[in-house]
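In terms of the numbering used here, the sequence shown opens at residue 14 and continues consecutively.
Keep in mind that a hint or two might mislead.
Derived DEER-like restraints, expressed as beta-carbon distance ranges [what the hints assert, rightly or not]:
#, residue 1, residue 2, range
1, 117, 91, 44 to 52 Å
2, 62, 115, 37 to 45 Å
3, 57, 114, 41 to 49 Å
4, 95, 74, 23 to 31 Å
5, 62, 116, 44 to 52 Å
Quick caveat, the hints were computed from the structure, so don't treat them as lab data.
Note that the Cβ used here is the ideal one computed from N, Cα and C, for glycine as well.
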Amino acid sequence: SALSATIPDSEFSAHELPLRTQSSEFFMVDGVAIHYVFERNLEDTTANNEALPWLVLLHGFGGGVFSWKRCLPILWKELRDDIRGILAFDRVGFGLTERPIVQH
14 SALSATIPDS EFSAHELPLR TQSSEFFMVD GVAIHYVFER NLEDTTANNE ALPWLVLLHG
74 FGGGVFSWKR CLPILWKELR DDIRGILAFD RVGFGLTERP IVQH
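All chains, please: the whole structure from these sequences, using the hints.
Here it is in structure tokens:
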């Protein structure tokens, strides 16, 4: 099950803090805090139009939400009328998402 989580800046190292964005949020899945950025289209004509898709950004190995930081404004400019919003998240073990310790 997933739950929203609040994680204070004090939980992150100095090199991790720049990875946060103004819209950084976390949710818990099986005890792991997953970092994500969710940008909702605020235009009335698109925000509630269920025929429009959400854009989900998936990073590759060694990447994270930070990989999309410079792309987000460009994507919004180009796709604003065609999407309901953008979701980018850090996969487990990357970016600000926790790295769970697995017992063998």
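Hint check results:
With their beta carbons about 46 Å apart, residue 117 and residue 91 fall inside the hinted range of 44 to 52 Å. For residue 62 and residue 115, the Cβ-Cβ distance of about 42 Å falls inside the hinted range of 37 to 45 Å, so the restraint holds. A hinted range of 41 to 49 Å holds for the C-beta pair residue 57 and residue 114, which are about 46 Å apart. Taken as a hint, the range 23 to 31 Å holds for the pair residue 95 and residue 74, whose Cβ atoms sit roughly 29 Å apart.
In this structure, residue 62 and residue 116 meet the distance hint of 44 to 52 Å, their C-beta atoms being roughly 46 Å apart.
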